[in-house]
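Undergrad: So the chains spell out like this:
Protein chains: 2
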Amino acid sequence: MNFSKRITSMQESPIRKLVPIAEEAKSKGKKVYHLNIGQPDIETPESFFKAVKSFDEEVLAYTFSQGIPELIDSFIEYYKKYDINFDKDEILITNGGSEALLFTLIAICDHGDQVLIPEPFYTNYNGFGSSVGVDVVPITTKAEEGFHLPKKEEIEKLITPKTRAILLSNPGNPTGVVYTKEEIYMLRDLAKKHDLFIVADEVYREFVYDGFEYMSFAHLEDIKDRVVIIDSVSKRYSACGARIGSIASKNRELIKQILKLCQSRLCVATIEQIGAAELINVPDNYFTEVVNEYKRRRDVVYNALNEIDGVICKKPHGAFYVTAKLPVENAEDFVIWLLRDFDVDNQTVMLAPAEGFYATEGLGKDEVRISYVLNEEALRKAMNIIKKGLEVYPNKK
Amino acid sequence: MNFSKRITSMQESPIRKLVPIAEEAKSKGKKVYHLNIGQPDIETPESFFKAVKSFDEEVLAYTFSQGIPELIDSFIEYYKKYDINFDKDEILITNGGSEALLFTLIAICDHGDQVLIPEPFYTNYNGFGSSVGVDVVPITTKAEEGFHLPKKEEIEKLITPKTRAILLSNPGNPTGVVYTKEEIYMLRDLAKKHDLFIVADEVYREFVYDGFEYMSFAHLEDIKDRVVIIDSVSKRYSACGARIGSIASKNRELIKQILKLCQSRLCVATIEQIGAAELINVPDNYFTEVVNEYKRRRDVVYNALNEIDGVICKKPHGAFYVTAKLPVENAEDFVIWLLRDFDVDNQTVMLAPAEGFYATEGLGKDEVRISYVLNEEALRKAMNIIKKGLEVYPNKK
Numbered sequence: 001m002n003f004s005k006r007i008t009s010m011q012e013s014p015i016r017k018l019v020p021i022a023e024e025a026k027s028k029g030k031k032v033y034h035l036n037i038g039q040p041d042i043e044t045p046e047s048f049f050k051a052v053k054s055f056d057e058e059v060l061a062y063t064f065s066q067g068i069p070e071l072i073d074s075f076i077e078y079y080k081k082y083d084i085n086f087d088k089d090e091i092l093i094t095n096g097g098s099e100a101l102l103f104t105l106i107a108i109c110d111h112g113d114q115v116l117i118p119e120p121f122y123t124n125y126n127g128f129g130s131s132v133g134v135d136v137v138p139i140t141t142k143a144e145e146g147f148h149l150p151k152k153e154e155i156e157k158l159i160t161p162k163t164r165a166i167l168l169s170n171p172g173n174p175t176g177v178v179y180t181k182e183e184i185y186m187l188r189d190l191a192k193k194h195d196l197f198i199v200a201d202e203v204y205r206e207f208v209y210d211g212f213e214y215m216s217f218a219h220l221e222d223i224k225d226r227v228v229i230i231d232s233v234s235k236r237y238s239a240c241g242a243r244i245g246s247i248a249s250k251n252r253e254l255i256k257q258i259l260k261l262c263q264s265r266l267c268v269a270t271i272e273q274i275g276a277a278e279l280i281n282v283p284d285n286y287f288t289e290v291v292n293e294y295k296r297r298r299d300v301v302y303n304a305l306n307e308i309d310g311v312i313c314k315k316p317h318g319a320f321y322v323t324a325k326l327p328v329e330n331a332e333d334f335v336i337w338l339l340r341d342f343d344v345d346n347q348t349v350m351l352a353p354a355e356g357f358y359a360t361e362g363l364g365k366d367e368v369r370i371s372y373v374l375n376e377e378a379l380r381k382a383m384n385i386i387k388k389g390l391e392v393y394p395n396k397k
Numbered sequence: 001m002n003f004s005k006r007i008t009s010m011q012e013s014p015i016r017k018l019v020p021i022a023e024e025a026k027s028k029g030k031k032v033y034h035l036n037i038g039q040p041d042i043e044t045p046e047s048f049f050k051a052v053k054s055f056d057e058e059v060l061a062y063t064f065s066q067g068i069p070e071l072i073d074s075f076i077e078y079y080k081k082y083d084i085n086f087d088k089d090e091i092l093i094t095n096g097g098s099e100a101l102l103f104t105l106i107a108i109c110d111h112g113d114q115v116l117i118p119e120p121f122y123t124n125y126n127g128f129g130s131s132v133g134v135d136v137v138p139i140t141t142k143a144e145e146g147f148h149l150p151k152k153e154e155i156e157k158l159i160t161p162k163t164r165a166i167l168l169s170n171p172g173n174p175t176g177v178v179y180t181k182e183e184i185y186m187l188r189d190l191a192k193k194h195d196l197f198i199v200a201d202e203v204y205r206e207f208v209y210d211g212f213e214y215m216s217f218a219h220l221e222d223i224k225d226r227v228v229i230i231d232s233v234s235k236r237y238s239a240c241g242a243r244i245g246s247i248a249s250k251n252r253e254l255i256k257q258i259l260k261l262c263q264s265r266l267c268v269a270t271i272e273q274i275g276a277a278e279l280i281n282v283p284d285n286y287f288t289e290v291v292n293e294y295k296r297r298r299d300v301v302y303n304a305l306n307e308i309d310g311v312i313c314k315k316p317h318g319a320f321y322v323t324a325k326l327p328v329e330n331a332e333d334f335v336i337w338l339l340r341d342f343d344v345d346n347q348t349v350m351l352a353p354a355e356g357f358y359a360t361e362g363l364g365k366d367e368v369r370i371s372y373v374l375n376e377e378a379l380r381k382a383m384n385i386i387k388k389g390l391e392v393y394p395n396k397k
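Protein sequences appear in the order of chains B and L.
The opening residue of the first sequence carries number 1 in UniProt numbering; numbering runs sequentially from there.
The opening residue of the second sequence carries number 1 in UniProt numbering; numbering runs sequentially from there.
One should not assume that every hint holds.
All copies of an identical chain are treated as equivalent in the list; a pair is satisfied when it fits inside any one copy or across any two copies.
Computed list of lysine-lysine pairs in PhoX-like fashion (alpha-carbon distance at most 25 Å, straight line) [to be verified]: (1) Lys5 <-> Lys162; (2) Lys26 <-> Lys88; (3) Lys5 <-> Lys193; (4) Lys387 <-> Lys26; (5) Lys397 <-> Lys31; (6) Lys397 <-> Lys157.
These are calculated hints, taken from the structure and not from any lab test.
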């Protein structure tokens, strides 16, 4: 039996493909620090669980395809804190940010259409694209430049009659980049000039450090019809397992079209929606504490990387990732070596090789993504293991 | 801004599109019996809620993309009751039967490929298909024949080099048909001869009446590599809001391919999975009672339909739907008329016009789907309203 070309050509998750090797290491008694995944260790707010446990209907029925009103309202309230005003007809609740992205791509692209995405990018962008016949065209960014965007002219060269949108995450996964106002205005100008949508994945909106001024694409009044905001409670409230995301846009006709896709899958899990609707009541100091915690972690990782000879890494100002160039021939081989052949006091580290975050063949081979989702002490130990490992790793550049 | 052709051409849900007219009727104080939707009124088993409420992790983390082991195990146990043996590498947990279908279509069809589906069909099959570029080719079935399949030669005429699969629900939504062994063997032969997959949506497996012998496509040993079983806890345990479905196939390579899609959306809602895993412990007499209840309801609806002049409807043996031909010019107009212009003691009925369940233009215009998801008394009242309505409806045939 043959499968479709789109599925067989779909890339395996670069974050997950080395999991068996990590499992092997663990089975031999090694402790593995997982810096390869974006699963925060922060506690999920109690209010989520309280709401879940107070559910007392007798029938767990279908709910509205667009999401339960309480949850939509909570997103509206949440956005107000950022001076963003969305109406209830401008928001759809989705199965995580993942479904939000998939549905948005389907609604704006036909088979063979193109979407520009700064690379390295969240690897699933590629997965969603290829599964629904949308071609990803990468805008290459570089470690040496802190993964900021190239000049307008460079991006403009990539635009064709088939280009339908620019998709990007801000703050960025896997790079931690936070785009400047100038970059955002530049993308706005491109969107206007070339009739493009901007699909802004802003799930890390809270995680911005160093007083860096954050701007949402939803703040761009003059292209509000072109902007689609992808969101999720996963990282914001450390509620990844809830799978609650959203699509928000001032383009109500687009929301109406995407609602047809929402109707086709009936609704999002009811009980998790009820839990998520309560998250709006989490006090603001929750974020102050969480963001301070991540900032300290970022410092641990960034400072440690800077003390290693040959590592290239500009300070990232957002999300909880760093992508760094290592002085190795092949980062995947290094990651495997760390798991199989290296330890410090029987402990080692797992990183995500960055090659899979690039669409351009050959790029990212000597880069890794580090997620700082462990506590400071664990991160210090993990970074020390990487440092010691690089001192003795045989296949260095 | 333009949207994609695939989204603008996507049909609105025929079940939901008349909702505003029903709301209007209600706002005027009319009671509306909803026979238009498949939302059962049966209580969700207590064990689901107990499990949900016992969740005590501090972090609501991502779980396995293929589903939590306890839930996969519970599906394995469940299938054993039907003499179907699936292994843990042969099952994936999905966001309802909906995602199971969408992922299966993506994995077996490229853009422009075709899938044969007996019509009238569950309308979202069309939605899933068009959203991912798969063309639905209808196998027309008729009310007069109880919606059983046409002869093998008729179906064979529809097969082209682009045909990749036969997709069908058994027991059937919206028809209530339960396919005979002969029909199932016929489809098996076609699948073998023309190298096709069979995607069998068996979410109504329990709901078979009158001692009719039910056969799952998973029982076909000689084409086990070609069979994909779509399942869901929604109807079986009246847990529609949980959004827990599954894909099961002895074709492990297919499961491996679809796992890539599961990884791209990370995981299914954790807490609802934990609840669903407990449903396996629901005692068997739960089904006996529920199935008896539905059978009595089916009898109420079927007997009432048979007493109305000009209605064409063979007795359906499964699911909880009847599709009937009414003596009217246009069933949608009749449904709107019932809501707007008719009542018995200020009560009326909402039905689903069946035209939207057909892919062939012009078919189903005089048919409706009736879901018997209300209690017997309510159904009796509702059926009486339909009868009285037809007596005075001005646009009869």
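Undergrad: Each of the hints needs a verdict: does it hold here or not?
TA: A quick look at each hint next to the structure:
Proximity of Lys5 and Lys162 under a CA criterion of 25 Å is satisfied in both settings, with 21 Å inside one chain copy and 13 Å between copies. When the C-alpha separation of Lys26 and Lys88 is checked against a cutoff of 25 Å, the pair qualifies only between copies, where the shortest distance is 22 Å, while the shortest distance within a copy is 48 Å. In this assembly of identical chains, the alpha carbons of Lys5 and Lys193 lie at most 25 Å apart only when taken from different copies (22 Å versus 35 Å within one copy). Within a single copy, Lys387 and Lys26 get their C-alpha atoms as close as 21 Å, which meets the 25 Å cut-off; across copies the closest is 69 Å, which misses it.
Neither within a single protomer nor between protomers do Lys397 and Lys31 lie at most 25 Å apart by alpha-carbon distance, with minima of 28 Å and 77 Å respectively. Taking the shortest alpha-carbon separations for Lys397 and Lys157, neither the intra-copy value of 33 Å nor the inter-copy value of 63 Å comes in at or below 25 Å.
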